[in-house]
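Trainee: Each chain, letter by letter, is given below.
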Amino acid sequence: MIPFAWYLLIAAALFCIGLFGVLTRRSAIGILLGLEFMLNAVNINFLAFWRAGTMQAMSGAVFSVIIFAVAAAEVAVGLAIIISVYRSRRTVVVAEISDLKE
Amino acid sequence: MPLNLLYAVFIFNAIVILGSAICSVTARNLIHAALWMVLSFFSIAILFVFMGIGFFAVIQITIYIGAIAVLILFAIMLTRRSMQEQEDKRLKNVWVALLAVGGVLTVLVMTLRQIPIFGESISTTQVDEMVPALGKALTEPAQYGLLFELASVLLLAALIGAIYLAFDRKKAEGEEK
Numbered sequence: 001m002i003p004f005a006w007y008l009l010i011a012a013a014l015f016c017i018g019l020f021g022v023l024t025r026r027s028a029i030g031i032l033l034g035l036e037f038m039l040n041a042v043n044i045n046f047l048a049f050w051r052a053g054t055m056q057a058m059s060g061a062v063f064s065v066i067i068f069a070v071a072a073a074e075v076a077v078g079l080a081i082i083i084s085v086y087r088s089r090r091t092v093v094v095a096e097i098s099d100l101k102e
Numbered sequence: 001m002p003l004n005l006l007y008a009v010f011i012f013n014a015i016v017i018l019g020s021a022i023c024s025v026t027a028r029n030l031i032h033a034a035l036w037m038v039l040s041f042f043s044i045a046i047l048f049v050f051m052g053i054g055f056f057a058v059i060q061i062t063i064y065i066g067a068i069a070v071l072i073l074f075a076i077m078l079t080r081r082s083m084q085e086q087e088d089k090r091l092k093n094v095w096v097a098l099l100a101v102g103g104v105l106t107v108l109v110m111t112l113r114q115i116p117i118f119g120e121s122i123s124t125t126q127v128d129e130m131v132p133a134l135g136k137a138l139t140e141p142a143q144y145g146l147l148f149e150l151a152s153v154l155l156l157a158a159l160i161g162a163i164y165l166a167f168d169r170k171k172a173e174g175e176e177k
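Quick note, the sequences are listed as chains A and B, same order. Count the first sequence with the numbering used here and you get residues 1 to 102, in order. Count the second sequence with the numbering used here and you get residues 1 to 177, in order.
FYI, nobody ran anything at the bench for these hints, they're computed from the structure. Bear in mind the structure is a predicted one, so any value in this text is a computation, not a measurement. Backbone N, C-alpha and C fix where the C-beta goes; we use that ideal spot for every residue, glycine too. Errors might be hidden in some of the hints.
Selected chain B positions facing chain A (in silico; Cβ < 7 Å) [as the list claims (entries may be wrong)]:
#	residue
1	V16
2	L73
3	M77
4	L78
5	K92
6	V101
7	G103
8	S123
9	L154
10	L165
Residues from chain A that face chain B, not an exhaustive set, calculated with beta carbons under 8 Å [as the list claims (entries may be wrong)]:
#	residue
11	C16
12	G21
13	L33
14	L35
15	M38
16	R51
17	G60
18	A61
19	S64
20	V70
21	A76
22	A80
23	I81
24	Y86
25	V92
26	D99
Please model the complete structure; the sequences and the hints are all you need to start from.
Mentor: Now the structure itself:
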């Protein structure tokens with residue numbers, strides 16, 4: 001028997017670490033890396049709440065499976081955009097990719 | 001397994017998860033960051049085993065480590081030249097980020113403490129009988145069948161979008177001529 005609170009606290013801490021990565025990284029790939037941690041923390045939360053309940057309703061597990069699919073799609077498109085930008089600009093540093101702002 | 005040993009293993013695993021995640025977001029070299037991320041994801045799979053849902057531990061390893069981490073490693077290697085000039089530069093606005101993260105963490109913990117089942121425990125017994133139920137729930141039109149179809153359309157769109165974006169149009173035209 002593991003206290004339910006421990007799972008929630010690990011997930012909260014992991015989410016915050018991911019947020020820190022998103023806020024401080026210079027390269028777009030580093031930001032994507034932090035995003036993966038945030039998605040994974042949400043996944044831990046979904047599964048912990050589902051497991052703590054009666055497990056009769058499958059919604060927690062179903063949403064977690066959907067998050068897996070969305071994370072895979074997100075990283076595929078995100079990295080394709082980064083490589084496409086790298087090809088034309090020769091950089092992956094987000095501060096230097098500001099053409100839409102100017 | 002005696003309870004004290006179980007707690008010790010769980011806490012060790014939790015330290016590995018959070019420690020490798022911190023190393024991953026602060027590592028200067030992006031390749032090191034990706035490898036720390038793999039360690040963290042593997043420990044999260046062990047966390048799922050602790051919850052008794054080994055099926056999700058397998059999904060975690062195949063999708064997050066097998067697909068996502070490898071894809072990120074590929075992207076890092078393809079764009080390496082750009083980052084090597086940047087490597088000596090430190091992370092930007094660390095203090096603002098720490099402040100924001102501290103705020104989010106406090107709010108999260110305060111909110112989590114309000115949950116009525118916060119003090120309960122989760123059993124570590126494996127519940128493999130839920131896998132067929134999950135499969136049925138995902139394909140039954142009355143339950144989550146629509147969500148399942150939407151996810152497959154999303155994956156198809158991501159596939160086509162990734163090919164379209166990464167396709168080098170100028171080079172392909174040049175080769176045709």
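Trainee: Against this structure, judge whether each hint is valid.
Mentor: Evaluated hints:
| no. | hint | verdict |
| --- | --- | --- |
| 1 | V16 | violated (11 Å) |
| 2 | L73 | violated (10 Å) |
| 3 | M77 | violated (10 Å) |
| 4 | L78 | holds (6 Å) |
| 5 | K92 | holds (6 Å) |
| 6 | V101 | holds (5 Å) |
| 7 | G103 | violated (10 Å) |
| 8 | S123 | holds (6 Å) |
| 9 | L154 | holds (5 Å) |
| 10 | L165 | holds (4 Å) |
| 11 | C16 | holds (5 Å) |
| 12 | G21 | holds (3 Å) |
| 13 | L33 | holds (6 Å) |
| 14 | L35 | violated (11 Å) |
| 15 | M38 | violated (11 Å) |
| 16 | R51 | holds (5 Å) |
| 17 | G60 | violated (10 Å) |
| 18 | A61 | holds (5 Å) |
| 19 | S64 | holds (7 Å) |
| 20 | V70 | holds (7 Å) |
| 21 | A76 | holds (5 Å) |
| 22 | A80 | holds (4 Å) |
| 23 | I81 | holds (6 Å) |
| 24 | Y86 | holds (5 Å) |
| 25 | V92 | holds (5 Å) |
| 26 | D99 | violated (16 Å) |
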